[in-house]
Amino acid sequence: MIDPNMFQLVCFYAFAAVTVVAALGVITLRNTVHAVLSLVLTFFSTACIWLLAEAEFLAIALIVVYVGAVMVLFLFVVMMLDIKQEHVREGFIKYLPVGIIVALVMLGEMLALIGVRAMHQAVMGADPATVAGMSNTAWLGNALYTQFLLPFEVAALILTVGVVAAVVLTLRQRTGVRHQQASQQVRVNPRDRVRVVKMAAEVPAAPQPAPGKETTP
Amino acid sequence: MLDQLINQVGLPIVYILCIVLPLVITVALYVWWERKVLGWMHVRMGPNKVGPFGLLQAFADVTKLLIKEVILPTSANRALYYMAPLIALIPALAAWAVIPFNDKLVLANVNAGLLYLLAMTSLGVYGIILAGWASNSRYALLGAMRSAAQVISYELAMGLCLVCVLVLAGSLNLTDIVHAQAGSKGIFDWFMWPLLPVFVIYFISGVAETNRAPFDVAEGESEIVAGFHVEYSGSAFALFFLAEYANMILISFLAPILFMGGWLSPLPASWGIVGQASVLWLFVKVFVFAFMFLWFRASFPRYRYDQIMRLGWKVFIPITIVWVLVAGCMKFFGWVTVGTGG
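Chains as they are written, first to last, in the working numbering: chain A, 1 to 217; chain S, 1 to 342.
To be clear, the hints were calculated from the coordinates, so they are not data collected in a lab. Glycine included, C-beta positions come from ideal geometry on N, C-alpha and C. Among these hints, one or two may not hold up.
Simulated restraints on C-beta separations [unchecked claim]:
1) M110/A - L196/S: 52 to 60 Å
2) T28/A - G39/S: 53 to 61 Å
3) V102/A - D103/S: 52 to 60 Å
4) A79/S - L157/A: 37 to 45 Å
5) V65/A - A79/S: 23 to 31 Å
6) K198/A - L196/S: 38 to 46 Å
7) G39/S - Y13/A: 54 to 62 Å
8) V21/A - V315/S: 40 to 48 Å
9) I71/S - M6/A: 45 to 53 Å
10) I71/S - V21/A: 30 to 38 Å
Looking at chain A on its own, in the form it has when it is part of the complex (with noise of 0.2 Å):
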């Protein structure tokens, strides 16, 4: 017999390698392409891990926005660069020390926040979704629009804000561009531009003569 929760668990360190591995790749993959497809199934095997934690709409959330639409677009734009891979290794060495000491400080402070939370020894509740008796989905829509409804909403300018600097900052203004009114074209009449002209059928003056002999040139 096997037992689920020990299936749980061999699933949950499957999808963690994974994870890790193609995290590791983002990294490490000297093309381009291959660390974005990498980028994608670390994002996949996060959602799988979410997906165990019974957080399904955020795991479907997560390939949703990041793995449907964020990185597609990333792929797109990576497609098109043309890196020369001498010039992105050139600075490995002169900035390893301070990627070094970036990352030994985000490791102290990873520790501190594990020491914190082992120290406080803070019990996870019960699933509240599961009390409440509704779906993952229908509680946090529940909890969103009701008891978290400013954040969100605050959430959601910021980001609106975002794009539209997104936008400035790329439009610029030229002049002499000759631009295509859709609504114009739509509204064009077709008498104005064609004209179906009537005339009588042409008839031949005489029988045609029978084609003579085939003259050289």
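Fit chain S to the given chain A structure using the hints.
For chain S alone, kept in the frame of chain A given last:
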């Protein structure tokens, strides 16, 4: 142990095969029907030599494709080149897991079914992009670029259409969505009436998502030869073909399930057997939509690329955003009655 293996591994595999095998056969027949319909619309005969009415033509084509050699272009990316058709096909088949055929007949009755569908349909574009890039061909890359931009744009409009449906139904579960369209008014309880513009936009976006005419700029034979799969031959090409047609049939299933009451009957229940909800009604509705894919292809010239972008971003997305608000009002003020099903 054996019991567990049979129940948790064996039976699901049998169920999956029960969906996938008929699907593959349907794709073959659908290809035959497409060529036949196109033929009639062009005042031609269509395939009529292989088998009765040319019915075996598609199978003959598949056999031909399977025994042809798969050619790897020079300095193509070998691994990605061979993986791309699979990446296109797997999400196209995986999406079928949550499609309900009637009250009980569904492989996985998932609560977040609609989201799952959105996730799966958005993954298919990777196959196309990777095929275009890995082929090491200019035409293929151009096709992939066009396809990526187009699919992303129309996915937004499609997602907003789905939001309208789930606002009215109050559920992401596809079976519950069909139940929400059941009621005493019969055909007028279907979501296509309160959501008419969204319904139209959904189907058009579906045509664009599957890269079908008149949105087939990703292939665009007259401009970029055959787009992303120009370098593919043999069975690898057959997989792309299968994925595209499986996706078309999927969209043809989703439109009735989301907007036209799925397996519910359009006729009053007192009419005996035709008034009863049945999987046959679903198939009839699916056939109408599947036929419309072919009808579009025979009727409309290909959209120009910038016009596709304009239609997606400047027409469809604003309309659907407004209709999300309208759907919210309908739900809030109780303008539509939503059935709970039985």
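Tested hints:
1. Taken as a hint, the range 52 to 60 Å holds for the pair M110/A and L196/S, whose Cβ atoms sit roughly 53 Å apart.
2. For the pair T28/A and G39/S, the beta carbons lie near 54 Å from each other, so the given range of 53 to 61 Å is met.
3. Hint check: V102/A to D103/S, Cβ distance near 57 Å, so the stated range 52 to 60 Å holds.
4. Look at A79/S against L157/A: about 44 Å separates their beta carbons, and that is inside 37 to 45 Å.
5. Roughly 27 Å separates the CB atoms of V65/A and A79/S, a value that falls within the hinted 23 to 31 Å.
6. Look at K198/A against L196/S: about 42 Å separates their beta carbons, and that is inside 38 to 46 Å.
7. Our hint of 54 to 62 Å for G39/S and Y13/A holds, since their Cβ atoms are close to 56 Å apart.
8. Separated by about 44 Å at the C-beta atoms, V21/A and V315/S satisfy the suggested range of 40 to 48 Å.
9. Between I71/S and M6/A the beta carbons are some 47 Å apart, a value that agrees with the proposed interval 45 to 53 Å.
10. In this structure, I71/S and V21/A meet the distance hint of 30 to 38 Å, their C-beta atoms being roughly 32 Å apart.
In summary, this structure violates none of the numbered hints.
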